[in-house]
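K.L.:
One-letter residues, chain by chain:
There are 4 protein chains.
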Amino acid sequence: MEQVRICLVGAGRAGEVHGDVYFSSIPGAVISSVFDTDIQKAKNLAKKYKLEEKHAFSSFEDALSCYKFDAAVITTQTFTHYQYTEMAARKKIHVFSEKPMAITLEDCDRMIDVCSREKVLLQIGFMRRFDVGFKEAKKMIENGDIGDPLIVKSVGRGPGLPGKWAFDIKNSNGNLAEVNSHDFDSVRWLSGSDYKRIYAVAKNSKNPEIGKEYPLFYDNAIVSATMKNEAFGMIDSVCPCDYGYDARAEVVGTKGVIFIGSLQEYTTITCTRQKGMVSPQVLSWKKRFHDAYIAEDRHFIDCITQNSKPSVTGYDGRNAVAAVIAANKSIQEGMPVDL
Amino acid sequence: MEQVRICLVGAGRAGEVHGDVYFSSIPGAVISSVFDTDIQKAKNLAKKYKLEEKHAFSSFEDALSCYKFDAAVITTQTFTHYQYTEMAARKKIHVFSEKPMAITLEDCDRMIDVCSREKVLLQIGFMRRFDVGFKEAKKMIENGDIGDPLIVKSVGRGPGLPGKWAFDIKNSNGNLAEVNSHDFDSVRWLSGSDYKRIYAVAKNSKNPEIGKEYPLFYDNAIVSATMKNEAFGMIDSVCPCDYGYDARAEVVGTKGVIFIGSLQEYTTITCTRQKGMVSPQVLSWKKRFHDAYIAEDRHFIDCITQNSKPSVTGYDGRNAVAAVIAANKSIQEGMPVDL
Amino acid sequence: MEQVRICLVGAGRAGEVHGDVYFSSIPGAVISSVFDTDIQKAKNLAKKYKLEEKHAFSSFEDALSCYKFDAAVITTQTFTHYQYTEMAARKKIHVFSEKPMAITLEDCDRMIDVCSREKVLLQIGFMRRFDVGFKEAKKMIENGDIGDPLIVKSVGRGPGLPGKWAFDIKNSNGNLAEVNSHDFDSVRWLSGSDYKRIYAVAKNSKNPEIGKEYPLFYDNAIVSATMKNEAFGMIDSVCPCDYGYDARAEVVGTKGVIFIGSLQEYTTITCTRQKGMVSPQVLSWKKRFHDAYIAEDRHFIDCITQNSKPSVTGYDGRNAVAAVIAANKSIQEGMPVDL
Amino acid sequence: MEQVRICLVGAGRAGEVHGDVYFSSIPGAVISSVFDTDIQKAKNLAKKYKLEEKHAFSSFEDALSCYKFDAAVITTQTFTHYQYTEMAARKKIHVFSEKPMAITLEDCDRMIDVCSREKVLLQIGFMRRFDVGFKEAKKMIENGDIGDPLIVKSVGRGPGLPGKWAFDIKNSNGNLAEVNSHDFDSVRWLSGSDYKRIYAVAKNSKNPEIGKEYPLFYDNAIVSATMKNEAFGMIDSVCPCDYGYDARAEVVGTKGVIFIGSLQEYTTITCTRQKGMVSPQVLSWKKRFHDAYIAEDRHFIDCITQNSKPSVTGYDGRNAVAAVIAANKSIQEGMPVDL
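Chains as they are written, first to last, in the working numbering: chain A, 5 to 343; chain B, 5 to 343; chain C, 5 to 343; chain D, 5 to 343.
Be a bit skeptical, because a hint or two may be false.
As the list claims (entries may be wrong) - Chain D side only, calculated, beta carbon under 10 angstroms to chain C, not exhaustive:
1) Arg-9
2) Glu-57
3) Gly-148
4) Asp-152
5) Lys-210
6) Leu-220
7) Asn-224
8) Val-256
9) Gly-338
Treat the hints as calculated values from the structure; they're not laboratory data. Bear in mind the structure is a predicted one, so any value in this text is a computation, not a measurement. Heads up, the beta-carbon is just placed ideally off N, CA and C, and yes, glycines get one too.
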């Protein structure tokens, strides 16, 4: 296999992020088609990636039959992930699915099963695991540098609300899924343990108009978790977050602490009398995790060409979904929920 | 009143911190006697503050009758605060009581009542409120700089365990009281609202030997709070914390965020190939809040000489105690607790 | 022109940096041949970039005649830059030359002339200009955010000595050329003015054995400059720098200041009692300017495909060389030198 | 000696800084009189420190004869330091003199001589040596943590111009004396060596109106120094500095580097979309070195009561003056100047 041919399944924001990476930064991959139920979006991306218009599809079935490709990069609305995964896998096409993996655990299981049965790869889009800062932290934890993890904290605050379809948390599992899947994964990954019990509270502070139509909608939440190894997890969620994209983590161990990430985008600091010392904050997940997205997508391509297993699996995706579901249940019942 | 005469009620670590401040940094105050049930400790501090040995007492009654003083600085074990407060107040002596104010809300109420009845001042030792960083943050919040507070996070990790008497949480309310009273106060103060509901989990990860004798003892905990104004609070507690004294806070508002404090003690950074970039961490609350302790004690003296009300009241102390009690109840019941 | 074909002229460290970028991160470019007088090095890189061995050359003449290419990326020893530039330009091949542009101003002029005459592009390798932090600083200065520049400081400390050929400063212009060309360019670029007068002192503190053979060799130096617009420049040079690769700048203006860059490689901070707060320092220019190298090389490709002028020109390269020559003269004469 | 009695010699800004420290933070000292040729200033400070008006003097002779005191804290205009030092010393009064010690080396020598002859202490006001960050850096350097110092950089940028008397550099030695004496001392102290050769350039960028009357006046300058142990020194001077009070240092050694100080006043950081991440900058030397001033003044009192030698001597003061004079000579001659 000379170059891995990719079909972008979904031509929205996340589709474009991966598309840009494959197009501009990974010579070993080539985008061969773009699918989106909104054909105009598909065409726009196809054009951006120098494809003829006929490589843009509004039906995934057509995309599958027209131009051969090796891998599907799925970034559509969460509840469709299973369907496209199954269609791809059955054609022996490798699958990269953005987070959240799915809405239900049943869908997660079916995705894992079909990819396993069809012997195709399934990688889930937890790009933080490919960020140098997170990676080094994980390495240090495994190396025992801070002893056993006692408390893992993860901050997940995103500037822009997900699409309207996600306001109904029955459809989407809400912001904890759309925005904070990464945090649920990070707490699990950095603590080295699965979730045992979760307590969460949430409220809608800034979007009363959305609340009228979707009473369960929330735009900020805090989560308290106990892991199976007794480590604690703390997640806070704010979205929309006016001041920027804030993704940081902190791991307290028996012997030390690790702080991961920064709100500062780059290290140019200005000072004037009127404005004080000013640093530019991170405003976008695309910039914050720019290198991580490249490393993540390169990993997917490498796994395909080298026939190795992705380091982020459907099992990881499923565990994050399970935690999100428990957290939403806790929010609604006002009680801790066991997993 | 030329100089305010002070009796140190308690000659342990906290007594010495305040004693040092009054002795070295506040010309308007003079230490006139030292009381501790351990007479040797009292004598040691008396000597340190250039007092003759006869100014050291093992009975507070004797201290009250021997040398006239204007103010009592109470730093004894928590469950004795009420008793000494009452004895002092009845002699028209102003009271500064370290946190936690007391073990029970009944004691808190009785302290407030007796000081009110006797018309003496009652200030509680939440020195963070006098730290320039916390103060400026509070000012900015009140000024609306970050909009309405959505989430207030407070980190309270202390290097050294409290005394043995505090291992039995029935005696002491545990580390959440001894170490994290400050955090409970900060969340309330910075959010601008009282506690409505608290959920907490705790465990004993590093002190199995203490656990044998005191099964309810915990050395790390996380707390999830909902305030009456719907703001959320998150507190984490680690003690003993091997890596230093870590006291930071973070307030997310509808329009922005404020980060308060740093683990870095001072801004001297070294870099060598072997050790990387190294900053000195804060190892002691005495150093971290050195200036805050001076400001706090100066405030107490100023209130006495200017006959004004302390900015940190018995009511503040009581609210922190109430929150700690609720958190401990939540830990034991595994459920959220309403206040 | 579908893809820009590149010949790597020089297969040393810098050749590999650009090779890696073209190979892994710029789909619009393709490496078509590698030249190095050390054929083994050429072969190694050719292999790394999946080229057959016959695409590796030990003669640039052969390289020019065997496989057609559009652009030469010259990273050989400084004194050869002119020669290869001329050979390439005469074949209508675009030239990217690493810094320092050349050893003499005559060579610089000849490089500018031949490229101009042959109508090929000439870009000089000042990658800092493509670093987001430097770029934003330049933008802010031009925007007047800090008023007029008064003092521009640039730190250039590199971990590894250049090759042995560079120890003789008559061959190489010394570390100020090999290591600090970037700083001379930054001071000029950020101050917005050419050099008027330079004073420099240097010494050899860590390499007495080199000093025996090359008495003019220095491994640390400081430079004081006055620009034509009266701004001051300060450069310090340390190489080998044991603790890492330290490239920072600071611009003081009439109204404010800008700090550019950091010694911290990424924002993962660990703290333990024994080691204090530790951040990873930057150890390599490849990592510090990873994104800048990509942006720089992409700019070169874009200029070729879009037929536009590189933003970093031979004129910029020549000015840095002139400043380096003046600084070396000042070091030897102990006097300030006018440009 | 129970309490050290102090006469404030000079009731300007610096006089008030020391007066505040002695009045509010050092119980072992008592201010007994205040002298200033401007009697109103003397009266104001006397009042601030709860002295009766008769303790304020416009003649130092009167001050010396009226109320007995043990120590003189001299903060008057530089060229008067010698005169007051001599008058005090001859009455067996200990002397603390602010920097710069004097205008001429002759005056420095005479101050050293008279204090030595009269057996009174002479301490010079280099408070940075009492700052925890500077002190720890010095300790680490002496401990060999970064090897031998190669380059010492010191930033001295002050917000407010000295008084009008200082505009004429013949009177005052200019900003390099008034603002940067500290930097000249720091470079010497941290490098562990005396000055050998200095080159400096200066200009007047922001104060053309002052320049009309005082053509030698400069408001920004850079200094290049070679120390006797071959270490290099770099100082930059900006005053008035619009953006704050910026006092930082950096020491590069053969094995590592130390960064001292920060422009950030305290660690409260705010972030909003419009303003970015904002920290408060240091605006005043009083705040930046608040604790250092207390430690410095305490040291003076301790030396008096314990009959020990101040750690900052007339010899240190003299060396800074010598370097400033050489730098000014270099500025005027355009050449390096040997010491």
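K.L.:
Look at each hint and say if it fits the structure.
P.N.:
Verification of the supplied hints:
{"no.": "1", "hint": "Arg-9", "in the structure": "violated (43 angstroms)"}
{"no.": "2", "hint": "Glu-57", "in the structure": "violated (44 angstroms)"}
{"no.": "3", "hint": "Gly-148", "in the structure": "violated (13 angstroms)"}
{"no.": "4", "hint": "Asp-152", "in the structure": "holds (7 angstroms)"}
{"no.": "5", "hint": "Lys-210", "in the structure": "holds (6 angstroms)"}
{"no.": "6", "hint": "Leu-220", "in the structure": "violated (16 angstroms)"}
{"no.": "7", "hint": "Asn-224", "in the structure": "holds (5 angstroms)"}
{"no.": "8", "hint": "Val-256", "in the structure": "holds (6 angstroms)"}
{"no.": "9", "hint": "Gly-338", "in the structure": "holds (7 angstroms)"}
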